[in-house]
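There are 2 protein chains.
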Amino acid sequence: MKENVFNQEYEITKRDRCIQKNHNALVVWFTGLSSSGKSTLANELDKYLYSKGIHTYVLDGDNMRKGLNSDLLFSVEDRKENLRRIGHVASLFVDAGIVCLAAFIAPFSEDRNHLKEIIGYENFVEIFVDTPLKVCEERDVKGLYKKARKGEIKDFTGVNAPYEKPEKPDLIIDTSKESLNEAVLKIIGYINEKLQLEQ
Amino acid sequence: MKENVFNQEYEITKRDRCIQKNHNALVVWFTGLSSSGKSTLANELDKYLYSKGIHTYVLDGDNMRKGLNSDLLFSVEDRKENLRRIGHVASLFVDAGIVCLAAFIAPFSEDRNHLKEIIGYENFVEIFVDTPLKVCEERDVKGLYKKARKGEIKDFTGVNAPYEKPEKPDLIIDTSKESLNEAVLKIIGYINEKLQLEQ
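Each protein sequence line maps, in turn, to chains A and D.
Counting from 1, one number per residue, gives the positions in the first sequence under the numbering used here.
Counting from 1, one number per residue, gives the positions in the second sequence under the numbering used here.
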């Protein structure tokens, strides 16, 4: 019955929603290892953008895995589906005129490319949080590296599952070398022009 | 590995996002038969709210079935999953401070109750678009009743599948009796107070 899904002509467009908010919509995606600083960066960027009157929303493992994707586990297939769904949700937020900050490991190039296709390359800013594994493991914010090393978690990115580095990310941030403040200013410097509404 | 999903403390809250937009977030759900006027009402309400500076977004079969839910068909199970996912997406929009207008048949009480649980009863406004089947079938905007009567579509709500009327909807609208303008004013009258931010 797929051919029976019809378009309703809605009159308020994405552009109208952007005009209302006075900025463009974007997805800023933080990819990198566990404990690399993705969520911390997303939170700090969120605070900054909010203070400037930008309408944002943050997607991360917390609000996705516990709600929409609570039926998914951590098999290769489920991780792919997890990201596919996140991509479509981010795309809806962009359509709603929102700057969507997404903090997910997304270790495979193929999945990240699929995300860009779903969201649109022109709407997608890829930030590679390239904090060295050693530093991430020392931080081990959630104690997951420890569990992975003990073999209690299998397929843990960086330990017993690969992380494919982005080939051409828009920005690279190493939180072991750059302060949070420096990193946020770098991101702002990059996205500022993209946020300007075309006249 | 579900127990390994952690909460990141994000500092910008739902309330902050509502303060930025200067109104509360809500889901306004239009339930009713095909061709009952759900999408038309959602579009008209969207235009009105937009003109008043309210930040809205519309979810309907078009943007859901073609993206996030493109893997789902029309079996009982898939329809249930379709609505579950829409519920979680609407819930994310509410968390982002947005007034989310949703236009979906949602024929079963059980599914609608599940939606209310996901989204939160306090955030959910249920509008029953109670246009008589006869009128819907005469309109047959998408030619689907014709196909269903010919047996080309099975399980078509109102023809060969049931529609369970909401027991206690917040509002009932019969578009064969009320003009679009009257209906929108009725909805506004109902949601106006809910949109006011508590001080």
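Honestly, the hints are just simulated from the structure, not real lab data.
Watch out, some of these pointers could steer you wrong.
The list makes no distinction among identical chains, and a pair is therefore deemed to hold if it is satisfied within one copy or across any two copies.
[As the list claims (entries may be wrong)] Result set (DSBU-like, lysine-lysine): computed pairs, CA atoms no more than 30 Å apart in a straight line:
id, residue 1, residue 2
1, K47, K186
2, K146, K21
3, K52, K14
4, K14, K142
5, K52, K150
6, K147, K14
7, K80, K134
8, K21, K147
9, K154, K186
10, K142, K116
11, K47, K142
12, K194, K134
13, K116, K147
14, K186, K147
15, K165, K150
16, K14, K177
17, K194, K146
18, K52, K168
19, K194, K147
20, K194, K154
21, K154, K14
Status of each hint after checking the structure:
Taking the shortest alpha-carbon separations for K47 and K186, only the intra-copy value of 15 Å comes in at or below 30 Å, while the best inter-copy value is 38 Å. Taking the closest pair of Cα atoms, K146 and K21 never come within 30 Å of each other, the shortest separation being 44 Å inside a single copy and 43 Å across copies. In this homomeric assembly, K52 and K14 come within 30 Å of each other (Cα to Cα) both inside a single copy, at 21 Å, and across copies, at 17 Å. When the C-alpha separation of K14 and K142 is checked against a cutoff of 30 Å, the pair qualifies only between copies, where the shortest distance is 25 Å, while the shortest distance within a copy is 38 Å.
Taking the shortest Cα distances, K52 and K150 never come within 30 Å of each other, neither inside one copy (45 Å) nor across copies (57 Å). Proximity of K147 and K14 under a CA criterion of 30 Å is satisfied in neither setting, with 44 Å inside one chain copy and 33 Å between copies. When the C-alpha separation of K80 and K134 is checked against a cutoff of 30 Å, the pair qualifies only within one copy, where the shortest distance is 27 Å, while the shortest distance between copies is 45 Å. For the identical chains of this complex, K21 and K147 are neighbours neither inside a copy (44 Å) nor across copies (43 Å), given an alpha-carbon limit of 30 Å.
When the C-alpha separation of K154 and K186 is checked against a cutoff of 30 Å, the pair qualifies neither within a copy, at 35 Å, nor between copies, at 56 Å. Taking the closest pair of Cα atoms, K142 and K116 come within 30 Å of each other only inside a single copy of the chain (29 Å); across copies the shortest separation is 33 Å, beyond that limit. With identical chains, the CA atoms of K47 and K142 are at most 30 Å apart within one copy only, with a shortest distance of 23 Å there and 45 Å across copies. Proximity of K194 and K134 under a CA criterion of 30 Å is satisfied in neither setting, with 34 Å inside one chain copy and 51 Å between copies.
For the homomeric pair K116 and K147, neither the shortest alpha-carbon distance inside one copy (32 Å) nor that between copies (38 Å) is at most 30 Å. Taking the shortest alpha-carbon separations for K186 and K147, neither the intra-copy value of 34 Å nor the inter-copy value of 57 Å comes in at or below 30 Å. Taking CA atoms no more than 30 Å apart as the test, K165 paired with K150 passes inside one copy only; the shortest distance there is 25 Å, against 55 Å between copies. Taking the shortest alpha-carbon separations for K14 and K177, neither the intra-copy value of 38 Å nor the inter-copy value of 32 Å comes in at or below 30 Å.
Neither within a single protomer nor between protomers do K194 and K146 lie at most 30 Å apart by alpha-carbon distance, with minima of 40 Å and 48 Å respectively. Taking the shortest alpha-carbon separations for K52 and K168, only the intra-copy value of 29 Å comes in at or below 30 Å, while the best inter-copy value is 42 Å. For the homomeric pair K194 and K147, neither the shortest alpha-carbon distance inside one copy (41 Å) nor that between copies (47 Å) is at most 30 Å. For the homomeric pair K194 and K154, neither the shortest alpha-carbon distance inside one copy (39 Å) nor that between copies (47 Å) is at most 30 Å.
Taking identical chains as interchangeable, the C-alpha atoms of K154 and K14 are never at most 30 Å apart, the minima being 42 Å within one chain and 35 Å between chains.
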